[in-house]
Structures are given as structure tokens and as C-alpha cells.
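Trainee: Spelled out from the first residue to the last, the chains are:
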Amino acid sequence: MPERPAEERALDFGEVALGYTLELARAEAARCIQCKNRPCVSGCPVGVPIPDFIRHIKEGEIQKALEVIKTANLLPAVCGRVCPQESQCEKVCTLSKKFGAVAIGRLERFAADYMAENPAAAEKAAEVKKTGKSVAIVGSGPAGLACAYDLARHGHQVKIYEALHAPGGVLFYGIPEFRLPKKIVASEIEKLKQVGVEITTNAVIGKLFSVDDLLAEHDACFICTGAGLPRFMEIEGEDLNGVYSANEFLTRVNLMRAYDFPEYDTPVETGLKIAVVGGGNVAMDAARTALRLARRASRERGLPSPKVYLVYRRSEDELPARKEEVHHAKDEGVIFETCSNPVRLIGENGRVRAVECVRMSVCEPDPLAEAPAVDASGRKKFRPIANSEYRIEADTVIMSIGTGANPLVPMDTPGLELNAKGYILAKDASGQTSRKGVYAGGDIVTGSATVISAMGAGRQAARAIDEYLKNKK
Amino acid sequence: MGAKILEKRIIREPDVYYYRLEAPLISRKAKPGQFVILRLHDKGERIPLSLADINPKDGTISLVVMAVGKTTAEMAGLKVGEQIQDLCGPLGLPTHIENAGRVVLVGGGFGAAPLYPMAKAFRDAGNYVTAVIGARSADLLIYEKELSETCNRVIVATDDGSKGVKGLVTSSLEQEIKENGAGLVVAVGPAPMMKAVCNTTKPFGVKTVVSLNAIMVDGTGMCGGCRVRVGGKTRFVCADGPEFDGHEVDWDCLMNRQKMYTGREKESFEAWKNRHKGLAEEGAAK
Ligand SMILES: Cc1cc2nc3c(=O)[nH]c(=O)nc-3n(C[C@H](O)[C@H](O)[C@H](O)COP(=O)(O)OP(=O)(O)OC[C@H]3O[C@@H](n4cnc5c(N)ncnc54)[C@H](O)[C@@H]3O)c2cc1C
Ligand SMILES: Cc1cc2nc3c(=O)[nH]c(=O)nc-3n(C[C@H](O)[C@H](O)[C@H](O)COP(=O)(O)OP(=O)(O)OC[C@H]3O[C@@H](n4cnc5c(N)ncnc54)[C@H](O)[C@@H]3O)c2cc1C
Ligand code: SF4
Ligand code: SF4
Ligand code: FES
Numbered sequence: 001m002p003e004r005p006a007e008e009r010a011l012d013f014g015e016v017a018l019g020y021t022l023e024l025a026r027a028e029a030a031r032c033i034q035c036k037n038r039p040c041v042s043g044c045p046v047g048v049p050i051p052d053f054i055r056h057i058k059e060g061e062i063q064k065a066l067e068v069i070k071t072a073n074l075l076p077a078v079c080g081r082v083c084p085q086e087s088q089c090e091k092v093c094t095l096s097k098k099f100g101a102v103a104i105g106r107l108e109r110f111a112a113d114y115m116a117e118n119p120a121a122a123e124k125a126a127e128v129k130k131t132g133k134s135v136a137i138v139g140s141g142p143a144g145l146a147c148a149y150d151l152a153r154h155g156h157q158v159k160i161y162e163a164l165h166a167p168g169g170v171l172f173y174g175i176p177e178f179r180l181p182k183k184i185v186a187s188e189i190e191k192l193k194q195v196g197v198e199i200t201t202n203a204v205i206g207k208l209f210s211v212d213d214l215l216a217e218h219d220a221c222f223i224c225t226g227a228g229l230p231r232f233m234e235i236e237g238e239d240l241n242g243v244y245s246a247n248e249f250l251t252r253v254n255l256m257r258a259y260d261f262p263e264y265d266t267p268v269e270t271g272l273k274i275a276v277v278g279g280g281n282v283a284m285d286a287a288r289t290a291l292r293l294a295r296r297a298s299r300e301r302g303l304p305s306p307k308v309y310l311v312y313r314r315s316e317d318e319l320p321a322r323k324e325e326v327h328h329a330k331d332e333g334v335i336f337e338t339c340s341n342p343v344r345l346i347g348e349n350g351r352v353r354a355v356e357c358v359r360m361s362v363c364e365p366d367p368l369a370e371a372p373a374v375d376a377s378g379r380k381k382f383r384p385i386a387n388s389e390y391r392i393e394a395d396t397v398i399m400s401i402g403t404g405a406n407p408l409v410p411m412d413t414p415g416l417e418l419n420a421k422g423y424i425l426a427k428d429a430s431g432q433t434s435r436k437g438v439y440a441g442g443d444i445v446t447g448s449a450t451v452i453s454a455m456g457a458g459r460q461a462a463r464a465i466d467e468y469l470k471n472k473k
Numbered sequence: 001m002g003a004k005i006l007e008k009r010i011i012r013e014p015d016v017y018y019y020r021l022e023a024p025l026i027s028r029k030a031k032p033g034q035f036v037i038l039r040l041h042d043k044g045e046r047i048p049l050s051l052a053d054i055n056p057k058d059g060t061i062s063l064v065v066m067a068v069g070k071t072t073a074e075m076a077g078l079k080v081g082e083q084i085q086d087l088c089g090p091l092g093l094p095t096h097i098e099n100a101g102r103v104v105l106v107g108g109g110f111g112a113a114p115l116y117p118m119a120k121a122f123r124d125a126g127n128y129v130t131a132v133i134g135a136r137s138a139d140l141l142i143y144e145k146e147l148s149e150t151c152n153r154v155i156v157a158t159d160d161g162s163k164g165v166k167g168l169v170t171s172s173l174e175q176e177i178k179e180n181g182a183g184l185v186v187a188v189g190p191a192p193m194m195k196a197v198c199n200t201t202k203p204f205g206v207k208t209v210v211s212l213n214a215i216m217v218d219g220t221g222m223c224g225g226c227r228v229r230v231g232g233k234t235r236f237v238c239a240d241g242p243e244f245d246g247h248e249v250d251w252d253c254l255m256n257r258q259k260m261y262t263g264r265e266k267e268s269f270e271a272w273k274n275r276h277k278g279l280a281e282e283g284a285a286k
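Just so you know, the sequences run in chain order B and C. Heads up: the first sequence is residues 1 to 473, going by the working numbering. Heads up: the second sequence is residues 1 to 286, going by the working numbering.
With the rest of the complex left out, here is chain C:
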């Protein structure tokens, strides 16, 4: 099964894109915290992407994708009306939605987007939901408006102080926990950020759920490539996760495994850029 792109826009220059895809069957089953795996064409890689919105009524799902390498950059070149050749999902276990009183969602990078469907679900379950989102500067923030619509409160933290609180998300999180307490913290974003969030929450004993982004192939538990150590045991992120108790995650193991193909990925990206150089320059000239 493939999927048509119904809507696409850039939400942060120059590299973060929003896509709304026609995926009636997936939208009917998907829950917050789950992801899809897509493949753009016959020679493409299978890459996992979290659901940034789920709309069973109009039969669509949304993705927010940061162009970091070959596949995500190629995806940035697709147009409305074009097809994603293979779209597989929903995959992984949904976020466990419970009434924890006060829930703090922490997002970094593309991670603010998957928090959006979670925020809705946690609110519906009767929680007071606070989102803490961060970026280097104001122009790099994403999903602030969307999260403001669904969360009770949004705290913005920027490294340079160009918006909200100056500093890292972890400082804002710490302050929030100190002032108001938290029953549950959920963090989605780059591994170093999630690790820092866990270090922040640990002294307070606040349960912290993280969504791990291991390198995947099939996404069904068949290859074991996405394995990480959690609580001293081997777990498969695609089948047992992607969410785990952050205080149990072996972060060094995850971050090391994410680097497995760094050299090769660069090779593939460079080769692709060279092949498309002409095209890109042509495009730019227009």
C-alpha cells in the first residue's frame, strides 16, 4: 500500500516539512506514540517516522520530517499529489495514556510534532498537560501554535533567549517540576536531549517515558537491528517500544548504534546530491 501526499508545507526553514497523507486504513487504527515506515521508491530505504497527527474522520495522517540525509531530503522534494510508494503502519505500541494528574511533554527537534496527538489524548484522559519545547533560537521552533491549542500550557525555551525562557528545555522542566510537580514526563527528540531529560527527572523520582529512535529495517521484530538495552535486557524498539522507561535505557548503547552507518549515509547523500546537482540548480534558477 502506498499513500498520496494531500498537503505539504515547510514549517521551518530550511529543512522541516509537514506532510498530510491519504491513509484511511492506518488513520483508523493508529494511536498516539505509534509510527509508520515508508519507502519512497524501488531503490529507497525504509525509514521510520512518528505520527504527528491522526485523523480517522478524513482518513489522513500527518508527519513532520526533518531533512537530515538522503531519504528525508528526497522526500522534501516530493510534491502534493505525488505518491509515497510504500507506507506501512501503524507500528510500535501506542503511548500508555493514563490519568497521572500533571503530565509534562518535552520536545526537541522534530520531537515536538509527535507530542501533539499525545497531548490531545492526555487531556482527554483528564490530565493537566504542559508542553516544554526548545530550540536554539525562536525561528527554529516548531509546533508551538499546535501545542498551544491542545495543551493547558506551553513553555518555550531557546538557547539564545530569542523567545520564552533563555536556556535548555531541561532547566525549564526542572523548574516546572519544582513548582508544580509532575505525575509523568514524556520526552521525544534527539537521544542526547532525552537522556538529559531523564537525568533531570531522576532525582525527583518522576516516571519518564521516552520514544527511542533506533535504526530500523522491517519494523516488525524480524531483524533485531533496532535493539537497545533497557533495564539490562535486549529490547526491540519497533516491537517492544518505541516508548520505554527512560530511567532504564542504556543511552550510550542507543547513541552508538545510531552512528552505525554515519560514513555510508554520507556517501549515499553525497552521491545523490551530485546526481541531483544539475536539477537543484535548475530549480533554484527558476
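Isolated chain B, as found in the complex:
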């Protein structure tokens, strides 16, 4: 897919991947050999009928293609951009080994973008018979949006309660503009409002209303509050100024638009030497965002060009981020400091100045054991090399080492069972919790996962809630 050149895009927040033209899309679609056994479909967490939509694109019937996608995926413009396709649908595509997988995600994105730009004659939405039942949804990330959409289509009144002042969850405050333009998220939310979904912002459930308050007003409740509690390494110097969690850094930039400070009131500081700790998608987003801010600042003030380091304790092969994101980050100039782990942060006058790291090496497999030295996630284990401490100068450090479950809702909801890590316990895929009429899904059940799995959980919960409401007198 065409991309903007790295030197150009690393100075602004415009989208990096430009998307297919109609011709390119049809040509890519023509590569699909329409496998009878449809391996790609089983690779997609929500089972998008991939060969069918691709066939429509090949034939130039883009609207039909989009309709097919939407039977399974309500947010194709989003998922086409941010799904880890290479480890899902595209990984198992028959062509992947010899010729390279069909670019399923890009085609999905194309269908959504093309129809947004060339809207078909508005079809009259089928009149939905109102059921008179209402459902409260807590959180407006992909799980909440998908659940709301499906419930509204079944004729239920839906009200979303969102803690922040803007809806969208991570799609809005976390994933940066250059990967997922905010106008796409806004248009999805607009569509929800058109089907009658109400959204109440600035409503923190567990504070303003309890889940029991919601159940007094609504017939059921879906909790999808995400995994938003940032973790820190608990090392010396983490409280110094200039040390951010990735959540705080990205929220300041995306939600509060700190990149337009002082036009916008919320500041963010990057300095010219930035170290991002971690190796996931969130770390890549933080590094690439920091790079853009710092490059712009250095240009404006005629300062030397900035350095952004990505400090990761294992080797490059173990990086959990998507390959594409790693490649983008490298092209744009992020310096990968792999096999390195911070042991303390060094400050000066209350502000961080350097990260002291120790080099890491892969653990040799235990000669007596059959299995290689791997951890619970199946990745190779690494251990610190003695006396290998060294320093990376940094005036900003962004900790991106994962998140945990936010306890606000559980704390205020008696009888809601949690697992050992504090995530809400769902009995099965429907998201049914230990409380009657209360369902949960997305990251608050699974821990940090993906947009598509959160969306899938929202849809499954919608099905279960619809069933529950039918039987509820």
C-alpha cells in the first residue's frame, strides 16, 4: 500500500498509510484464489466472510463488499487499519507462504473508506420495532460501540456512559492520529447517534452512578471499561518529572491535543532525548508520537535533531508489536535499544536526565530440560548480564510496560466477581457476569487485547443481552 515518505510524515500527524485507489484495490482483490476451505475466515476473530467481500471488490461492487464485511465487523475502517492482520486473517491465507498473503486488512479499509467518500444513495433504514427495553453501556471503546449498535438494531434503547469528555475509548485517546484519523472514529460515533444511541460523557460509573443505579433505570448493563490502569516498573527515579506512562503521554497528545499547545491548554514536555520503555504497539505509538513532537520542536527552535530510543528487554524477534509498526518506527528514525532493561532513572533538579540500563542476554536452555527457556507467553527468557550497566541520556521517559484492570466499577458493585488479576469474570463468551443482567466484555475481561476482539465481545454480549431481554418479563 502506498505510504507517505518517512522524512515527510515524521514531522506531522497526518496518516502514514495512504490507502488503495480503486484500481489498486481491484488488482489486489484479483490475487485471491477463493479457497473452498476458507482458512482466512477462521483466522479472523469475528469471522468476516473474507473471500466473499474480496470477490465483490474484484468485481468493483464496493458497496456490496462493505455490506458483507459489516455482517461480521461493524468497524471496518478502524479494523482495516489497526488489526494485527499478519497474526490473524493474513497469517493463514493460502497465498501467504509462497506469494505473500492477500492484503485483507487493506482491502477492508479500502471498502470502508471508498464508501465513506462515495456514499451510495442513502438506503432507507428499515424501521426497527422498539422493544421498550433499555440497556446501559459503561465505556465507549470498540466493545461498547459494537454492543450499542447491535442492541439498537434490535430495537432496544441504548445509553452509553463514558468517563471522559469524548467517546471512543482507546480509539480516541490512545491510538494516534497518524494511524487512525480521529474523523473516522467520530463518524462511527455519529452513525450510532443516528440510530438513536444516546451517549452521556463525563459520567464515571462507580462514582456518579453505581451499576445498581443503572439497573434501576435500565433492563440490563454491559461493562466495557477497558484495561486502563498503567503499570510502572517500580524502579528508582520513576517519580521524576519527565517520566510518563504511555497512557498519560498519549492522552495528553490525542485527547487533549497537547501537540497544539498553547493553542490548546494542556501541555506536554518531550525535550530532545526520549526513551520509551517497552516493545508493544503502545510503545511504538508513544515513540512515534514523541518523535514527531520533538522533531517539530527542534525545527521550530533551530535545535539539534532529537533522538528517540526504544528500550526493550528482549531481542527484536520477541517484540510484541506488529511488524508493520516496528518497520514504520525504524523508518522514521526510532533507535531500537533491544536486549536492554532499565534499572533506575537518574535525575537532576527533579527532572529525569538519564536511564541506567543493563544489557540482557538470552537464557541458554537448561541442558537437562527438553524445552527451551521460555516464559508463560512463549517468548524466550532473557537475563541481565552482570556489570553491563550503561546510561542512555533522556529528558523524557515513557513507560509502556502494560496495563492492569481499573477497579472503579468493581469497587462499587457488590457481588461482581473478578479474577485474580482484578479483571471481571465472565462465565462464557456471552460476557454474563456473576450479577444477573450484568454483562462484561473487551479488555476489562480479557486484559489488553485488540480492537477486533473487543468489538467481537461487544457483539456477542449484545446477542446474549437481547436473548435475556426477550425472556425478561
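Mixed in with the good hints, there may be bad ones.
Within a straight-line C-alpha distance of at most 25 Å, the following computed DSS-like cross-link-like pairs (lysine-lysine) qualify [said to hold, decoys possible]:
(1) B:K159 with C:K4
(2) B:K193 with C:K31
(3) C:K43 with B:K183
(4) B:K36 with B:K91
(5) B:K470 with B:K159
(6) B:K182 with C:K43
(7) C:K8 with C:K29
(8) B:K182 with B:K159
(9) B:K159 with C:K29
(10) B:K133 with B:K159
(11) B:K183 with B:K193
(12) B:K64 with B:K159
(13) B:K64 with B:K191
(14) C:K4 with C:K31
(15) C:K233 with B:K421
(16) B:K330 with B:K307
(17) C:K57 with C:K79
(18) B:K381 with B:K323
Just so you know, these hints were derived from the structure itself, not from any lab.
Fit chain C with the ligands to the given chain B structure using the hints.
Mentor: Just chain C with the ligands now, kept in the frame of chain B:
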């Protein structure tokens, strides 16, 4: 959800304002010690402000705000009838109200205002409530009248002796503890003052609760920006606080983190003042 300003007045020249906002849902749930986060407009910052009064009957909450920078100064320019675009709350954990016998509330700066709803609650729980409030001089005191209505006793301390006892609140507090003892001390105000209060109460072994004012963004535990060290552990002020055991707080950590954006905030405030200079002069001329 936003909120309409129903009442606004200046309670201390030139920079401390009282606001009463229409917020029926928040007023129903809010408890003393909690706070709200507001944002004035699309380009605005989210700033936390403590509840200075809670009125579920008429569906209002009150705030007392000291204009110290861009957002709070801009807020000072709002008029009765105007809307606060976003108002989110109640946030944080409420003050733990217990019967401790004698409770001493210590306020400095805007901090005297949030003591008001606490004073009511501590009295209702059967405590003898003393408030110690201080300022540089008599004309800088706030909330003396309100606190006199709810507390059993109010001790005023001014640096220049223009009212009450001459000296710092900590001297008055020390004397009060020596003479009458205290089961609990609660301090709200600037960090250096709360730190001094903790140093004063420590030798007496009196439990001291402080309300920390860390820099916040979301106020729900999502960003970690408000973190402070308490008892050697990382705690989030918005979700685990804002009140903590003052004897466990790492004050240097808090005060350093409060300074994180000092330069940038000045930049934003100056830019705003320049943009509004014309307007302000026009206003002054009228
Ligand atoms: C920076 C970043 C980059 C990512 N990149 C990718 C990617 O490329 N591809 C991918 O598939 N996934 C990615 N992810 C993961 C993906 O975004 C999440 O898995 C997904 O958003 C989870 O959806 P959700 O609906 O469960 O929760 P969220 O999107 O987290 O939304 C939860 C919402 O609930 C609100 N909320 C929380 N508590 C309350 C409360 N008490 N009351 C009311 N509302 C509340 C929150 O404010 C939020 O809006 C990324 C995540 C981050 C942070
Ligand atoms: C829980 C809590 C309760 C508070 N209650 C009150 C109150 O009742 N009355 C009152 O006048 N003030 C209160 N404050 C302080 C108030 O939030 C700050 O004065 C305000 O944010 C300043 O914003 P500004 O743009 O006007 O000034 P700025 O120039 O931006 O900042 C001035 C100083 O305020 C602090 N500050 C700045 N931004 C934030 C932020 N987003 N969050 C927290 N602090 C910040 C910083 O220490 C900064 O140096 C409270 C703070 C907290 C955390
Ligand atoms: S596996 Fe690949 S080639 Fe086969 S149908 Fe799916 S997308 Fe087409
Ligand atoms: S939703 Fe994601 S995994 Fe499924 S087909 Fe689309 S890009 Fe692939
Ligand atoms: S303000 Fe973000 S976690 Fe407290």
C-alpha cells in the same frame, strides 16, 4: 455533561471566586473530600477542584477557585448563566468521617473552602470541630464566616497579626493540640503548608489526613500522572486519594511533580493574556 453557573461572586480580592453550579446528579452522590474535574471549552485543560459545598436539595455544588493560571483566570471571567462545558464528578474517595472526639481542620489558601462540607459531616458524627485557618493578613482570609457557622470554634492566624493570632497556622495548631488534644487533624491547602502541619502533629502522634493536589488529567486512574509516593508505594491521587495519611506522604516528590509544567503554564497564561489584553482593557475602561 456540562453545568450552568447559578451564582458567582468574588470572595477575596482580586483572585478568589465562589461559584455555585447546577449539578443535580453530582450533588446527589458527592461527599465531603471529593472533587470534580472541569473543562471550560473544546481547547481547555481538565482541572480538578474540590467541592466547597454540596446541596442535593437544590441540586447544586459549590467551588471556591483561586485564579492562579490560564484556566482558573479564564474561569474568573465567566458570568452567571454561562455554561461550564464539561463537569465530571464526584471523583476521588470521600473523607473518612468518624467520631474521633476532637477534630481539628486546618486550611490555607483555597483550602479553607473544602473544609466546610467536612466540618458539617464531622459535627454530625458527634465530634467537637475546631477549624484553624490562616493567611498573610486579614483581608486575605476566606471562609471564616462559613466555618464559624459549622464549627464549634474557629481559630484565625495571620502572619501580620491583623486578625486573630499573629503567626502561622502551625503555631496555633500546636497550641490547640497541647491545650485540648486532638483525635484527628485534617489539612487542606498548599503542599508546603500541609507538610508543615504534618511536622507539627507528628511528635504528638495525632493522625493527620491531608488532601493532595497533584497534577491530573483524567481523574479516573487511567493516566498515572497524579502519582505520588505514600508509605514508599506509588499511589494515584485521583483514585486512591485525594486524602492520605500525611505522615506517610513523600512531600518532596509531590512538590517536585507539581512544578512539572511551570514554564509551559506560564507560556500558555502569557499567550492568553496577550490575546485578551484588548478585551481586558476594554472591560476595565467600561
Ligand atoms: C496506544 C494503544 C495502541 C493500540 N494499538 C492497537 C492496534 O494497533 N490494534 C489493535 O487491535 N489493538 C490496539 N490496541 C488495543 C485496543 O485499543 C484495545 O484492546 C481496545 O480498545 C479495547 O477496547 P474496549 O472497548 O475493551 O476498551 P477501551 O477502548 O479501553 O475503552 C474503554 C472506555 O471505557 C471508559 N471507562 C473506563 N472506566 C469507566 C467508568 N468507570 N465509567 C465510564 N466509562 C469508563 C474509558 O474512558 C474508555 O473510553 C492499542 C491500545 C493502545 C492503548
Ligand atoms: C484534588 C484537587 C483539588 C483541588 N481543589 C482546588 C480548589 O478547590 N480550588 C482551587 O483554587 N484549586 C484547587 N486545586 C488546584 C487547581 O486544580 C489548580 O490550581 C489548577 O489546575 C490550575 O490551573 P490553571 O490553568 O489556572 O493554572 P496553571 O498555570 O496551569 O497551573 C498552576 C499550578 O496548578 C497546578 N496544576 C496545573 N494544572 C493542573 C491540573 N491539570 N491538575 C492539577 N493541578 C494542576 C500546578 O501545580 C501548576 O503549577 C485542586 C487540585 C487538586 C489535584
Ligand atoms: S485464504 Fe487467502 S486466497 Fe484463500 S480465500 Fe482467503 S484471502 Fe483468498
Ligand atoms: S477484522 Fe481484522 S482479522 Fe478480521 S478480516 Fe478484518 S482485518 Fe482480518
Ligand atoms: S489523573 Fe490520571 S490517574 Fe489520576
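Trainee: Run the distance test for K159 of chain B versus K29 of chain C: straight-line Cα separation, threshold 25 Å.
Mentor: 20 Å, holds
Trainee: For the pair supplied as a hint, K330 of chain B and K307 of chain B, confirm whether the alpha-carbon distance does not exceed 25 Å.
Mentor: OK: K330 of chain B and K307 of chain B at ~12 Å, within 25 Å.
Trainee: Check the hint pairing K36 of chain B with K91 of chain B against an upper bound of 25 Å on the C-alpha distance.
Mentor: Roughly 17 Å between the alpha carbons, so the hint for K36 of chain B and K91 of chain B holds.
Trainee: Could you grab the alpha-carbon distance between K43 of chain C and K183 of chain B and see if it respects the 25 Å cut-off?
Mentor: The given pair, whose Cα atoms are some 17 Å apart, holds under the 25 Å limit.
Trainee: Assess, step by step, whether the Cα of K133 of chain B is no farther than 25 Å from the Cα of K159 of chain B, and give holds or violated.
Mentor: Answer holds: K133 of chain B to K159 of chain B is near 11 Å, not above 25 Å.
Trainee: Would the hint linking K183 of chain B and K193 of chain B be met if the CA-CA limit is 25 Å?
Mentor: Satisfied, since the Cα-Cα distance of roughly 15 Å is no more than 25 Å.
Trainee: Do the alpha carbons of K470 of chain B and K159 of chain B lie within 25 Å of each other, as the hint requires?
Mentor: Holds. K470 of chain B to K159 of chain B sits at ~19 Å (cutoff 25 Å).
Trainee: Is K4 of chain C close enough to K31 of chain C, meaning Cα to Cα at most 25 Å?
Mentor: Holds, at roughly 21 Å.
Trainee: Holds or violated: are the alpha carbons of K64 of chain B and K159 of chain B at most 25 Å from each other?
Mentor: Violated - the C-alpha atoms of K159 of chain B and K64 of chain B are around 30 Å apart, more than 25 Å.
Trainee: CA of K182 of chain B to CA of K159 of chain B, is that 25 Å or under?
Mentor: 22 Å, holds
Trainee: Is K64 of chain B close enough to K191 of chain B, meaning Cα to Cα at most 25 Å?
Mentor: Since the Cα atoms of K64 of chain B and K191 of chain B sit roughly 19 Å apart, the hinted pair holds (cutoff 25 Å).
Trainee: Would you mind confirming whether the straight-line C-alpha gap from K159 of chain B to K4 of chain C stays at or under 25 Å?
Mentor: 23 Å, holds
Checked against the numbered hints given earlier, the structure breaks hints 2 and 12 and satisfies all the rest.
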